[in-house]
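All residue numbers for the sequence shown refer to the numbering used here, where the first residue is 38 and numbers rise by one.
Hints are computed from structural coordinates only; laboratory data are not their basis.
Heads up, some of the hints might be wrong.
[Said to hold, decoys possible] Heads up, simulated SDA-like pairs for lysine to any residue below, C-alpha to C-alpha not over 25 Å straight-line:
| hint | residue 1 | residue 2 |
| --- | --- | --- |
| 1 | 194 | 155 |
| 2 | 75 | 98 |
| 3 | 272 | 314 |
| 4 | 162 | 75 |
These figures come from a predicted structure and were not determined experimentally.
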Amino acid sequence: MKILVFTEKPFAPAAVKAIENVVNASGNDIEVVEGGTKEDLLKAVVGANALIVRSDKVDANVMDAGAPTLKVIVRAGAGYDNIDLEAATERGICVMNTPGQNSNAVAELVFGMMVMMVRNQYNGKSGSELKDKSLGIYAFGQVGRNVARIAKGFDMKIEALDVFVPDDVIKAEGVTPLHDVNELFSQNDFVSLHIPATPQTKGSIGYDLVTKMPKGGVLVNTARKEVIDEDGLIKALEERPDLRYVSDIKPDKAEEFEKKFADRVFFTPKKMGAQTAEANFNAGVAAAEQSVAYLKDGWNKFQVNK
Numbered sequence: 038m039k040i041l042v043f044t045e046k047p048f049a050p051a052a053v054k055a056i057e058n059v060v061n062a063s064g065n066d067i068e069v070v071e072g073g074t075k076e077d078l079l080k081a082v083v084g085a086n087a088l089i090v091r092s093d094k095v096d097a098n099v100m101d102a103g104a105p106t107l108k109v110i111v112r113a114g115a116g117y118d119n120i121d122l123e124a125a126t127e128r129g130i131c132v133m134n135t136p137g138q139n140s141n142a143v144a145e146l147v148f149g150m151m152v153m154m155v156r157n158q159y160n161g162k163s164g165s166e167l168k169d170k171s172l173g174i175y176a177f178g179q180v181g182r183n184v185a186r187i188a189k190g191f192d193m194k195i196e197a198l199d200v201f202v203p204d205d206v207i208k209a210e211g212v213t214p215l216h217d218v219n220e221l222f223s224q225n226d227f228v229s230l231h232i233p234a235t236p237q238t239k240g241s242i243g244y245d246l247v248t249k250m251p252k253g254g255v256l257v258n259t260a261r262k263e264v265i266d267e268d269g270l271i272k273a274l275e276e277r278p279d280l281r282y283v284s285d286i287k288p289d290k291a292e293e294f295e296k297k298f299a300d301r302v303f304f305t306p307k308k309m310g311a312q313t314a315e316a317n318f319n320a321g322v323a324a325a326e327q328s329v330a331y332l333k334d335g336w337n338k339f340q341v342n343k
């Protein structure tokens, strides 16, 4: 069987080699296409039994081009909103992600950005420390739990909100569970977002929530730009000159943010959460192993379109 690895943003060479080793050892064939366009994907997917992608868009047209052989699509990473799950389900294609492989990389970036913001982006002015400050974690999956782990090393007070995670699981991590998003924002100096972009969460973080933050509050977003109500956040930052926003996702209105708020905001040029050699390697190998396992005996532990 054929496994296609198609990535606009290539895996690191070491990751590609490891992926090839996994696939070759299984007796399957592999094709690697890096830096390709949508048209390249439509051509390459023909005859593929499994497709591994990163942030590449996989819609119904891609799936139809891969029919009838395409059986499984694996997103090398945690998020999977780049894949049309409904179209995949209609066509009997299993879609999986690789949860946890990028989580430490994202969590470390959260703290890199938090330190940068409380030190005024290293502009020479006196800043503040993370010690004894309060941190609210919005969604307590693998990334959120790694954020909590690192926060303990900074001696921070930690709270978390996740309607899908039982209180006892959150408490077992030494974190106080919350059940109201208003409390999450009003009680914490820092709020770190890890929620997915769903119809319920898109545009949900805006003026009303952000203005509830204590004086000097910092909002950190390593989730998705779509969860932010940009107009509402701009209004909040205008009214509250003490608030700051930092993200590894450049907002649609980045120019307006940067022009109005200067060193109170910061955005990485491209999404950076998973951009480490370790995360790149881990996610790629996991995607290869999951593809092989599914083609061999239908293993689908991380299927996201059940």
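Tested hints:
no. : hint       : verdict
1   : 194 to 155 : 16 Å, holds
2   : 75 to 98   : 10 Å, holds
3   : 272 to 314 : 38 Å, violated
4   : 162 to 75  : 47 Å, violated
Comparing the model with each earlier hint shows violations of hints 3, 4; every other hint is respected.
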